[in-house]
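Student: With chain U fixed as given, assemble chains E and G onto it according to the hints.
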Amino acid sequence: MEQIFSKLEFITSGEGFIDITDTLNLFIQENNFCSGIFNLTSLHTSCSLTINENADPNVLKDLKKYMQSIVPYDNYSSLSKNRDVIYYEHYQEGADDMPAHIKTSLTNSVLSLSFQEGKINLGTWQAVYLWEHRFNKKVRSLNVHIIGEKFSNIYNK
Amino acid sequence: MEQIFSKLEFITSGEGFIDITDTLNLFIQENNFCSGIFNLTSLHTSCSLTINENADPNVLKDLKKYMQSIVPYDNYSSLSKNRDVIYYEHYQEGADDMPAHIKTSLTNSVLSLSFQEGKINLGTWQAVYLWEHRFNKKVRSLNVHIIGEKFSNIYNK
Amino acid sequence: MEQIFSKLEFITSGEGFIDITDTLNLFIQENNFCSGIFNLTSLHTSCSLTINENADPNVLKDLKKYMQSIVPYDNYSSLSKNRDVIYYEHYQEGADDMPAHIKTSLTNSVLSLSFQEGKINLGTWQAVYLWEHRFNKKVRSLNVHIIGEKFSNIYNK
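Chains as they are written, first to last, in our numbering: chain U, 1 to 157; chain E, 158 to 314; chain G, 315 to 471.
A few of these clues could be false.
With a straight-line Cα cutoff of 25 Å, these simulated DSS-like cross-link-like pairs (lysine-lysine) come out [stated by the list, open to error]:
| id | chain 1 | residue 1 | chain 2 | residue 2 |
| --- | --- | --- | --- | --- |
| 1 | G | Lys379 | E | Lys222 |
| 2 | E | Lys307 | G | Lys464 |
| 3 | E | Lys164 | U | Lys64 |
| 4 | G | Lys464 | U | Lys7 |
| 5 | G | Lys378 | E | Lys222 |
| 6 | G | Lys464 | E | Lys221 |
| 7 | G | Lys378 | U | Lys65 |
| 8 | G | Lys379 | U | Lys64 |
| 9 | U | Lys7 | G | Lys379 |
| 10 | E | Lys222 | U | Lys119 |
| 11 | G | Lys378 | U | Lys64 |
| 12 | E | Lys221 | U | Lys65 |
| 13 | U | Lys64 | E | Lys307 |
| 14 | U | Lys150 | E | Lys221 |
| 15 | E | Lys164 | U | Lys150 |
Bear in mind the hints are in silico, worked out from the structure with no lab data behind them.
Isolated chain U (complex conformation) (with noise of 0.2 Å):
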């Protein structure tokens, strides 16, 4: 059993969802690993990750939607419609911000994942998501490590 930990960045362009099921896989494949858990890491408070359904992209358009209409933009901007509902106290970093934490909170900053034959073990129709939940455009970095088996080390043995 072996592990390695690297780091991957994201540029995110606003709400809204990045598959990085495929670039997961390929951390896994060019790093020869074979059967193991991948850990994935979310290193911001205000992004976070989910798995979800990979086909119709209105599920995704759905689920930004849902969550805008719970967790509602701060009552000291212009976009909240619900300023009666609730009042941040944290509004100092723009209207999307402690929306964006509390968004982080009510789903993952961490994703345990499993994988075989390098490649991460979901149904089909499920793909890993970061999910932005900031306005601007950012640089989004998760730390990945992964504690498995290498493809040279099942050969060997």
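Tutor: Just chains E and G now, with coordinates in the frame of chain U:
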């Protein structure tokens, strides 16, 4: 440290919970594992995993009712009581489909569980649940993956 | 690759957050681990785990206030401002009990954290929090489990 991968299937019967704790413990024991990580992955995007109370069944009823209250069924459906609140663009697979995707992202598709002496480390009142979010009977597959020590290895040291 | 299991106890004082990051790092270092996975399990169903901002304490206040706004206290309680919205059948253990179970399922009971050089891999602004959802003082146990490499093993290779 050794690994094992397999799949477990469960048949669900509409929105609700299946306590899978005993099945997970049995899988550990049948494979002679003593201690390690049990990485559990739901291979679907309309059911999910959660850890919650194993004692009063009303907790599960209330959890389900709560989730139904914050994630309305699709507007196109006669089931919806929230026609003016949200509008799903992904409505073609049924009134319960997009809500199921949302509920999945609000809970967990993967759980990384620790186990010792052949049993998942949980508190007295905790159980691991497969949470079905669709209305109809479904066959659900979970990917199960253990990294850990076997009983024999420990005794032979 | 070696394993260690233990329990950590924290005393909470009502709804709110305890930053447990330093305690987790200390546990890693005291046990001479360098790098690996730190699997953390809350052994309760009315408190949970989350990763969020460590800088402005208002973020935590807003997180708590937000969660209170979407998960009403029990209808049977005079605290509830949402009597017509939801009705909990599990009300016998107090106005804050069923809401605490819900908040637990909306956040995390387990977190699988990566660590390197004796420290959990987090971003500059991230901390790991134990999130108490009950009103009263509680003793909370976390199961801690490391799979990783010790410093000595690495130096002796």
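Student: Would you mind confirming whether the straight-line C-alpha gap from Lys164(E) to Lys64(U) stays at or under 25 Å?
Tutor: violated, 31 Å
Student: CA of Lys378(G) to CA of Lys222(E), is that 25 Å or under?
Tutor: Holds - the C-alpha atoms of Lys222(E) and Lys378(G) are around 22 Å apart, at most 25 Å.
Student: Taking 25 Å as the top limit, are the C-alpha atoms of Lys164(E) and Lys150(U) close enough?
Tutor: With Cα atoms ~22 Å apart, Lys164(E) and Lys150(U) stay inside 25 Å; holds.
Student: Could you grab the alpha-carbon distance between Lys378(G) and Lys64(U) and see if it respects the 25 Å cut-off?
Tutor: holds, 22 Å
Student: Mind checking the alpha carbons of Lys7(U) and Lys379(G) for me, to see if they're no more than 25 Å apart?
Tutor: violated, 34 Å
Student: Hey, Lys221(E) versus Lys65(U), does the alpha-carbon distance stay inside 25 Å?
Tutor: holds, 22 Å
Student: Would the hint linking Lys150(U) and Lys221(E) be met if the CA-CA limit is 25 Å?
Tutor: Distance of about 42 Å is beyond 25 Å: violated.
Student: Would you check the hint for Lys378(G) and Lys65(U), treating anything up to 25 Å between C-alpha atoms as holding?
Tutor: Holds. Lys378(G) to Lys65(U) sits at ~22 Å (cutoff 25 Å).
Student: Given the hinted pair Lys64(U) and Lys307(E), is their Cα-Cα distance within 25 Å?
Tutor: violated, 44 Å
Student: Given the hinted pair Lys222(E) and Lys119(U), is their Cα-Cα distance within 25 Å?
Tutor: violated, 37 Å
Student: Mind checking the alpha carbons of Lys464(G) and Lys221(E) for me, to see if they're no more than 25 Å apart?
Tutor: violated, 44 Å
Student: For the pair supplied as a hint, Lys307(E) and Lys464(G), is the alpha-carbon distance within the 25 Å limit?
Tutor: holds, 20 Å
The earlier numbered hints that this structure contradicts are 3, 6, 9, 10, 13, 14.
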